[in-house]
Each structure stands twice: as structure tokens, then as C-alpha cells.
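Student: So the chains spell out like this:
Protein chains: 4
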Amino acid sequence: MTIRVGVIGAGIMGADHIRNLSRNIGSAKVSYVADVDRQRAESAAAVAGANPTTDPGELIASGDVDAVLIASHDSTHAELILESFEAGKPVLCEKPLAPSVEEGRRVVKADEEIIAATGTSLLSLGFMRRSDPGYVELKDALASGRVGDAVLVHCVSRNSASAPGATSESAVRNSAVHELDIIPWLLESPITEVSWHAGKPSPGAPAGLADPQLMLFRTANGVLTTLELFLNAEYGYSTRCEIVGEHGALSLVEPVSVAVDVERARSTGYARDWRPRFADAYRIELQAWISSLVPGAEGGPGVDRGSTLATARDGLQASIVADSVIDSMHNGGAWTAVGRIA
Amino acid sequence: MTIRVGVIGAGIMGADHIRNLSRNIGSAKVSYVADVDRQRAESAAAVAGANPTTDPGELIASGDVDAVLIASHDSTHAELILESFEAGKPVLCEKPLAPSVEEGRRVVKADEEIIAATGTSLLSLGFMRRSDPGYVELKDALASGRVGDAVLVHCVSRNSASAPGATSESAVRNSAVHELDIIPWLLESPITEVSWHAGKPSPGAPAGLADPQLMLFRTANGVLTTLELFLNAEYGYSTRCEIVGEHGALSLVEPVSVAVDVERARSTGYARDWRPRFADAYRIELQAWISSLVPGAEGGPGVDRGSTLATARDGLQASIVADSVIDSMHNGGAWTAVGRIA
Amino acid sequence: MTIRVGVIGAGIMGADHIRNLSRNIGSAKVSYVADVDRQRAESAAAVAGANPTTDPGELIASGDVDAVLIASHDSTHAELILESFEAGKPVLCEKPLAPSVEEGRRVVKADEEIIAATGTSLLSLGFMRRSDPGYVELKDALASGRVGDAVLVHCVSRNSASAPGATSESAVRNSAVHELDIIPWLLESPITEVSWHAGKPSPGAPAGLADPQLMLFRTANGVLTTLELFLNAEYGYSTRCEIVGEHGALSLVEPVSVAVDVERARSTGYARDWRPRFADAYRIELQAWISSLVPGAEGGPGVDRGSTLATARDGLQASIVADSVIDSMHNGGAWTAVGRIA
Amino acid sequence: MTIRVGVIGAGIMGADHIRNLSRNIGSAKVSYVADVDRQRAESAAAVAGANPTTDPGELIASGDVDAVLIASHDSTHAELILESFEAGKPVLCEKPLAPSVEEGRRVVKADEEIIAATGTSLLSLGFMRRSDPGYVELKDALASGRVGDAVLVHCVSRNSASAPGATSESAVRNSAVHELDIIPWLLESPITEVSWHAGKPSPGAPAGLADPQLMLFRTANGVLTTLELFLNAEYGYSTRCEIVGEHGALSLVEPVSVAVDVERARSTGYARDWRPRFADAYRIELQAWISSLVPGAEGGPGVDRGSTLATARDGLQASIVADSVIDSMHNGGAWTAVGRIA
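Residue numbers (my numbering), protein chains in the order written: chain A, 15 to 356; chain B, 15 to 356; chain C, 15 to 356; chain D, 15 to 356.
Worth double-checking, as some hints may not be accurate.
[Stated by the list, open to error] Anything over 10 Å on all C-beta distances counts as not near chain C; from chain D, calculated: (1) Arg-160; (2) Ala-180; (3) Val-270.
[Unchecked claim] FRET-style restraints, in silico, Cβ to Cβ: (4) B:Arg-160 / D:Pro-290: 37 to 45 Å; (5) B:Ala-157 / A:Glu-127: 52 to 60 Å; (6) B:Gly-133 / A:Ala-157: 51 to 59 Å; (7) A:Arg-254 / C:Arg-286: 42 to 50 Å.
Quick caveat, the hints were computed from the structure, so don't treat them as lab data.
Each residue gets a CB set at the ideal place from its N, CA and C atoms; glycine is no exception.
Bound conformation, chain A alone (with noise of 0.2 Å):
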């Protein structure tokens, strides 16, 4: 069985999710694509042999489509959601799951209610991190006791250059929110305390954005996480990650295929954004999406979604947690208590 996905948003992550499911995902074919900009739905959609649209609730309701991934506008994610929910098809909404964490409560209720109706959510969050190989090789390392339980996380998060209209803000809650969702994930205890510091500000980073930034993060079991983000580190796309445990370490290594031996130097190469770093966990979050909604006899292509993939309450929490950072950066840098869900 195939399923059609309707992608809304035909922008760079847009493109790319159209991509691989055209050609790199299991049973999934574009079916429809829309985006504001007409000229961008058609050729987008031309490439994978889809109807174009600049109407998303066209796209929702079509019977041509099993399944909605969003991909459009950060504003527009709480009202696609659920839209999509009302029509009752599955979805997949890239990172945040809202602009504010007043619309991600409303979509975690609705969430919620559904699940509490039928037993199962329509809503996947992008947070690809935990479908990356190396995150996923962590995690399990680190359930294996072979370093004892965590006492420290220290993380690091570089990209080269800021997007334009980066603020200190918005930079904790579309960069920092990786390591706010990940963090609990791989502790598996959330966020209870934050606290926000920022360095010596970096010529290359526009007023309004302090970068780089450090945040310290307290985890319910204990358990301190250092953040360094430094958005205009213009050396490269880079992502670490270590887990000091009672009795080891575990650390991220940053994916190489080649070494240069050339003038007095050997060298390995750093991605240049987030896209080829993350290639391989977007392309695994959207094959355990698809194979997750292919209805399976047993031992069939279906996987459970929840294990894997972010839910609504997880898009909220973190959510939630930028916001206690950004107060603690408008406090000094004060210890921060987080609020809770609900």
C-alpha cells in the first residue's frame, strides 16, 4: 500500500521532504503540494508528479490525500494541525509545534482528546535529532550502563551564519529547541531549572542577537546539561554531543567519509548547515512516519510511531522550556523554574 501524502509548504524543508518521498521513502508518493506561492507549489509538484495548490485546506481535504506533512510557515503550524486532526488524517508538523505556548496547549488537547477517543494520535513533531544514528547510538549507549548513569551533559551547537532577522530570542526557540527536546529524550527526565548566560558577543552577529549564548540546563534527575549555541561561528555546522556518566563518557562524533592529507595538514570536512549533518535523520523520521502508517499484519512494515517520532506533548514542553530560558535572559541569568504542561 502507498501513501499519499499532501506536503504543505514548498520551501527549502519543504523540497527536501518532497525529494526523498518521491524517491528515497517506502510506500509514500506526493500526492499534493501546496505553498502561498503559486510558482513554487507547481514546479515543487511537478517533481513528484502532484497537484498544485495555494489553498493548504484544499489540500487537507482532498481525498487524494492518506496523510498531511507541514512544512510551511512556523505561524501557520497550530491552525494546519488541526485542520488535519478535523479531517482525521495523520500528520507530520515540522519543529515547533506553535509559535506560542498558548496554540500548542490548544493542539495538545485536541491531541488528546483524539488519542483518548481512538486510542492512537494523528500527530508526529519533527524533532529529526531523534532519528539521527548518532543521537540513536547514544542513547541506547548510554542505556546500556556501560557508563553508569549521567551526571553531565555538555553540548555544543555551531551553525556558520545566523539567519537573517536572528534574535536572542528566536534563536532559543528554533536552534537551543533542539537540545531542549533532545536533552529529556535522552535522559529520559524533562527540564525542571534553566539558567541563561551569554559570551562575548561575536562581530559577525547582528544586533539583537547575542551569540554566542550558554544555557545550563537541570534535568528532575539531576542530571546538569551545558548548551553552547554559537549561531555565527562561521567555521562550519557543527553538533556535539557528551554524556559524562559515574563511570565514562559517551560522545557524538561528527559523521566524516574522507581525510585530506594536504600542506602540512590533515583535515576532515564539517557540513555546511543542518541539511546534509541531518540528511539521513530526515530521511529515517519520514520512512518510521510512512512505515508507521501502512496498515501492517504482524511482523509487516509498521513500526510504532510513538517510540520513535516527537508527540504534541513533547513539541509543548520544549516549548515551555524556551520560554523559562529566555525569562532567566531577561533576568540575568537567574536560576529559572519551568512550568509544567498542564
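Keeping the supplied structure of chain A fixed, place chains B, C and D upon it in accordance with the hints.
Tutor: Just chains B, C and D now, with coordinates in the frame of chain A:
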């Protein structure tokens, strides 16, 4: 459009291909599975919702089969390829092309007649390293000119343990054959001369298997390649390739995701065998093959099969070189000229 | 000319210094060894063909002693330095300068009077990391401008196990003190503000020792430094330092000589403690001190002691910062301003 | 006691030795410097406060010289060694022992007569790799049995550029000779058979120099060694050695202290030539030689010279193997048996 694949051979490799085709490959499904062992055929078919059979001929002839994947015993390859040719169906055949050079020549002849008649080949050969992201990056890096022309290549191919029944000769034909294909592909020059040397016999090797072995290859462009093949290296599966150029050197980096610090050491893992090491390569190879079969309008998902996957001639050429290596082995290591295809 | 050194303290550090001075350092010999334990003094002296004593005053006063190396208990440092000053003899004193800031100030005052009178200091302080080839290369690389100005620094300092009697406070004064000295040296800017945070307590740590600890330092030039100090990291001794600059980053690489491939892993070793890790640094530091004492014509072997070895002021400044860190520790982690020397 | 060393030859190597002996080596001083170029002798002697001369015989005979270090032109080695023997003075001679095997045999004969008469040799040969911490750790790791017995060794020796006048033959005698000494030392087994093969000529190599070259060595214990020697590798100086054993493998790791992240790459540096790469080895070698000359009571600083430094026989044996490699080179790469010393 979905390509319905009939898979012949449901052993380790066949089962992996079936799992991939069912779940991780776009535009494909497994419709038929043949194996000499009926139970194995049935259980493999059940995973994919396919028809089981013990008769490969039935599979090849079936109207439910658009394309044939051959993963059965080496001795059956040539005949099954020719049978698929007669049915006019595209084939992806696991290496080797054929157990003997003579049979290989028959396949190449048939293939070239089809190309002459139709303009396109029906056969792709499963030298999966050509689809490995590391080897692809290595070839691209060489082509970039950054290190100048190649002058030397060093290859190392180590396994934990040899397969039952392995001999010095079968090790060349089944294991070293990967380098016999990949070296000409990397250097874009055929191997013209070979020389074989025994290492000190490892106590882990069975009688009849010189292990480790050292082979030297010279390609038409003058480059000298060394290959250490060690099937009972015990410690793990490892594939290395370093291209030394006029101005620098390029090396494959073993893929690792996580580093572990315990007990006074930092360590990273080796694959236990070729399957995890080349899992991406197999998936990408399969996807490239399937994508090449989907009739695509310009800009559609179809790719040029010839550009990445090995051809019948590649397979035959590798077999001819293997024979020359074995000649050198039986002749005190003397440099031995390699015969040409025709 | 041979500098005859009197070594006070024949414990682990003293014995190492005696071995080095006897065998691996040019223009030096050990002429006197003092230790409160007569037997220890005698056996250490025998190795070097030196005079043993239990009275450091006798050693300092001896006509056979050109220079004094103090490696006795921390509580004795200040007094022994001052006694050496009175004898007009140059001193290399192991860190710390003095157990309390008050005593440290007395030493600095005496040192500055001597400088005022003679134009040269008699005191060098043993912060050996300043002589470690890695730290020296790191400092040079920063100075080269290749990564621009520093914006952030990340330090990690891990030991296998804490020394008996270690407390949260002693860990700062004895272990973190190395970073309290090396960070200003690397950045050429004093630490002006500090903040302390507890990690999740490791079960391996004794009561009274928060382990691991996280410290934040801000230097006068605005750079933010993080330091993880983990005395019971179990797996080995590890010292990391990464300087993140405007255009790139610089990291110390743990020195390793051999990689081992066994049992499905590649591994490299960690030092068991600071002595093998910093053996080169101690040797180079000692050599730099001795060379600075040899009266040399221009172009001769003498070097400018001030350029590499730490001064009394450096030692006092590190102690003052340590006190501020401990203040923050006792004050809920609040950012705490660091006092200045005078 | 201070050993007064007379250094013959004040070129690059000689000047380095003089600097080391003056500053970084315990119990030593340079008392005499001889060079054919009077100005060079004088300026090198001035650094050390030594007597300059153009007459090595004057140096050897001088009552101010306890031991002789020979770093003059290769063609002078044998004669100067024999002259030192006659003066009864211990000698450290840079490799090679002698320009020809015949002269080497004369030295060995004289050396063995002295040993027979006095019980101790006067000659140490400067194969400095035996004192390199990496090679020492490699040998120790092999001896530990962790990887079982060796079955294969892979060596790579790359330089940025060949010295003026280098030929295929001189490359073997002057560069490959380091491996001709170190392989038997590592494996504790002499090389008994050799085979030589040309790589594709690098355009950077001068006429008369086959570059790169590949050599195969078989030791008496059956182990096969490969050596790539590439003098015009351009990118840097690199020395690799991997010992493949029955259960695992051991590899030298190039020493690096700092990693640099800039411009989309992480890089670590290569040495520009052998001097920084083996600076520690030269220092340790010199120290071992000097320490062995200091008359020491039990437990004193004297060490057994024979255990680390190469002997006259080692030097002769390496020369004999080099001749066999050149025979193979002139004979189409055939395996060639190595002659024995006597």
C-alpha cells in the same frame, strides 16, 4: 509507479534486500520470492506480502514481476541472468557475475546484443561499494584535483573470521574482488598487472587459506595499488582505502557515531561484518537501481543507471583480474599480466 | 656551569623533580634534599648523590645550594620562599604560592621589594601547564589570529579518583587552580567574575565533595569560560581546552602515541594521572628555570624566565579567584566579582 | 659528573645535537666542535662555549673530550669511529655506520675486538627511532601480547621533498634504512628477504629517483612488511607503522597537540621534516647515551646503553639489507635473499 521486484535467493543477502525493498526504498515492492528452500521462501515472502516459490523460472516469467534481483548461490547467477534477459526483464545481480570467466563472457555477449538492439542494458551488478558514500566522496575528492593525480593506493580489507570452506583462491574471488572492481572505478583505469604475496599465516586461518594475503596491482595509468586481505583478523570488519596523489593523500574514514571513554581508553567501534558497514551502500544501490527503472519524464526521479552501478563488463573484468591474481599466487608471486575481455 | 639545586620535599612531586634534575636536565645537579621524614630524604638524596637533611633551613643556607626547589607541603610554601629570599637564592615553588591569600600577599610584597632593589625576581611558580607543548601551541595558535579573537573557552578537567580528604573547596584550590592560572595566561586577560554550579553528585565522590562541579569565568576582555571539574571520573585523567574564536576554534588534543584495534574497537589510552600527562611539561619547566639561572652571554643558553614561568603575582591572583569561586559556591552559584591584588 | 663531548660536524644535525647537549641534556657539556668549515665550527662552538677546530683528529685526541659525537659527512663515519676507538673514547655516530658494507665490516670487527677485550662496546649508532616514545610504546604493546604475534607490518615514510641529488639508491640507503633498522628491532627478527617495486613516478621527483617506491621485507619469523617510501609527497612529513597481529592491530599515531576548526574543516598539522617529528627521540637518545657514560653506583643514573641504542652490528645489518633492496630494484623486483654479517 511501483516497480514489482522478484527476489531470487532468500539467504542473508536476499533477506536484507527484501527488507530494504519493502520498507526503505521508494517506488518498489517485492512481489515474488524464490528460494530452493520452500520454508525460507515462504517466511521471506510473508514479510513482504509476496508470492513464494521454489522455482526461479516461475518468478522470472510472472506477470507480477517487473524486475529481478538475483541473490542466490554464485553458481546460479549466469543462468538466471540469461533467463531474465530472455524474459526482457531488468536484473540486479549480486556479485560475482558468474563463477567462471567463460560463463561471464556469455553473459557479457548477451548483454551487448541487447544493448546493440535496444540501446540500453538490462543488467546491473551489485558491487555495492560504488554506492558507499565514503567511496563516492573519495572518488569525487580525487576528481577535484586537490591532491593531483594518484600515484599509489593502499587498501586494507579485514574480516573477523573467514567463512566456512574459504581457500586462498576463494578469498580472492569473493573478497578481494571488491577491490578488483573499486580500484579501476576510482582510478578510471583498468588493472593490467598483478602480483601476490603471502603474509605470515595466522593461526586462526583454516588449512588451504593463506591468510593474510598481500596483493599488488598496477593499473594502465601506472598507479601501484597494495591490498592486504585478512579474513581472520579477529578484531572486527575494516575496509580502508588511501589514495596517495602528487600533492597529498585521501583516505576513507571508518564510519563511527559515538566514542566511548571507559577504563583508561577512548574507543570507537568496528562493524562486526560487511552488513552494518555497507548497509547504506546496499540501500543506495537498490534505490539507484529502482529509480533507474521508473519511467520518468525529464526532471523526474529516474537516474542514469550506468553512472553508478556496475555493468556486466565490470563484473567480467573483475573476474579476469581475479584469475590473474590466482595465477600469480600459484607462480611464486611473479608479476602477471591481466587478460582483456575481448 | 652547573646549578646545584636543593630540593625541599621528597614526596611524589619532589622525587620526580630529583629524578629529572639528576638525569634529564642540562646544567643542573641536586646537591641537597630535605624532607621531614629522614628516611625519605636519605633515599631520595642517594639517587642523586646529594646531602640529605630533615632541616630545610640547613639546605637553604648551605654553600652547596645555588637554587631552591620547594615541593613540600602546601602549608610550608610561603615561609620557605621567604627564607630563600633572605638567603638571596632563586626559588622554584610548586603551586600553590601559599595556603592563604594573606600569606600570598606577604610573598608578593617581598618579591616586589627584591625586584625593585635588584631588577629581577627570585621566584618562579610551578604552574607546569604553561610549559606543556599543547598549551603553548594553543596560545601561539590563538595569537596567530587564525580564528580571530576568543569569544568562549571550554575546559574539562577529569581525574580518575579524588585524593583522600578532598572537599568541594579543596578541589577548587588544588585542581581548578590550574585553569584559574592558564585561562588568563591564554587569553592575556584576568578573570573578573565567577559563578559555580553543582553537577549531579557522582556516587564515587566522598561526602563533602560536590563532584562534578561546573564553573563559569568571565575575563576582563569579556570572554566566557566553562570549566567542568570531575575528580572521580573513574575512566582516566583528561585535560581539555577549546578556545572558540570569531572565525573558528582551537582545541588541545590529548597526546597519544599508539592506537590499538582489538575486540571490535579502536582505542587510545588516557593517562592514569597528571604525572605521565604532564611529564614533558614538568621537564620543560625545570629546564627553563635552570637555563634562566645559568649566567649566559648573549646568545647563550639563558632564557627569560619571566616569559614562561608563573610569577608570585600569578600565584596570588589564582588564589584570589579561587576564593571568589568558593564564595559563589557558598552563595547559590551567584556571579561573584573577583578582588584584585592590590 | 659531566661528560665533555666533542662534536664532529656542525651542520643541521650537528648543530641540533650541540644545542641539545648544551641545554636539554643532563650531565653533559660540549667541549669541542670540529667542522671542515672553520666559520661553522666557530659559531657552533661559541653557542656552547666550546673549542672550535677544523681537525677532527685534534678533537678526538683532546684531553678535554670524554666522548665523541660524529655528525659529519657519511663518508667520514667509519674512519672517525676507528680513530675514536684507538683513542679509547666512546662514540655516538649518526647513521649510517659507513658508506659501504666493507667499511662497515671493518668497524664491526674493531668493535668486537674491543668488546672481547673489555667487555663493553665503545660505539652507539644514532637510529633515533628506537628512542621515539611512539615506537617504544608500539614495541611494548606488541610485547604485551595483546594482539598476539605479528603477521604483517605496514610502514609509510613520506617527506615533503627529496634532498638535492637524491637517487633511488640513496633513498633506500638514507631514508628506508630507518625502517630496515626499526622493523627487526620491533619484531626481534632479522630481515631475510626483500623485494622492490616502483610506484607511478611523481612529477615532483628528480630524474634518477623512482618516487614513490614500495618495498616488501620478510623477516626470519615469517612476517611480511610493506614500506612505502615517498620523498616528494609534498604535503608534509609523515611516518606510519602498523603492526597487524593475530588478534588485532597496533598503529603509531602521528603526534599532534592542537586541532584547528576553520573554513569548513577540522585539521591537525604535520611536521615539516624529521627534525620536529623526532625532536623528542633525538633528545632521549642523546640522554640515554650520556647517562650510559656516567659512571654510576648501583641505582645511579647509568643505564644499559645496549638496550636502547643501536650497535655497530645493527648498523651493518641495515646496510646489508639496503644493498639487497637495491639488488632487487636492479633486478625487476625479484625477491632477493639478504646476506648475513659473517
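Student: Determine whether the Cβ-Cβ distance between Gly-133 of chain B and Ala-157 of chain A falls within the hinted range of 51 to 59 Å.
Tutor: Holds, since Gly-133 of chain B and Ala-157 of chain A (Cβ atoms, about 55 Å apart) stay within the stated range.
Student: Quick check on a hinted range of 37 to 45 Å for Arg-160 of chain B and Pro-290 of chain D, using CB atoms only.
Tutor: violated (25 Å)
Student: Between Ala-157 of chain B and Glu-127 of chain A, does the beta-carbon spacing fit 52 to 60 Å?
Tutor: About 57 Å separates the Cβ atoms of Ala-157 of chain B and Glu-127 of chain A, which means 52 to 60 Å holds.
Student: Hey, is Arg-160 of chain D genuinely clear of chain C, shortest beta carbon separation above 10 Å?
Tutor: violated (6 Å)
Student: With 10 Å as the threshold, tell me whether Val-270 of chain D passes as away from chain C on beta-carbon distances.
Tutor: With a cut-off of 10 Å, Val-270 of chain D comes too close to chain C, as the shortest Cβ separation is near 5 Å.
Student: Does the hinted range 42 to 50 Å hold for Arg-254 of chain A and Arg-286 of chain C at CB?
Tutor: violated (26 Å)
Student: For Ala-180 of chain D, is the shortest CB-to-CB distance to chain C above 10 Å, so the non-interface label stands?
Tutor: holds (29 Å)
The structure fails hints 1, 3, 4, 7 (numbered hints given earlier, in ascending order).
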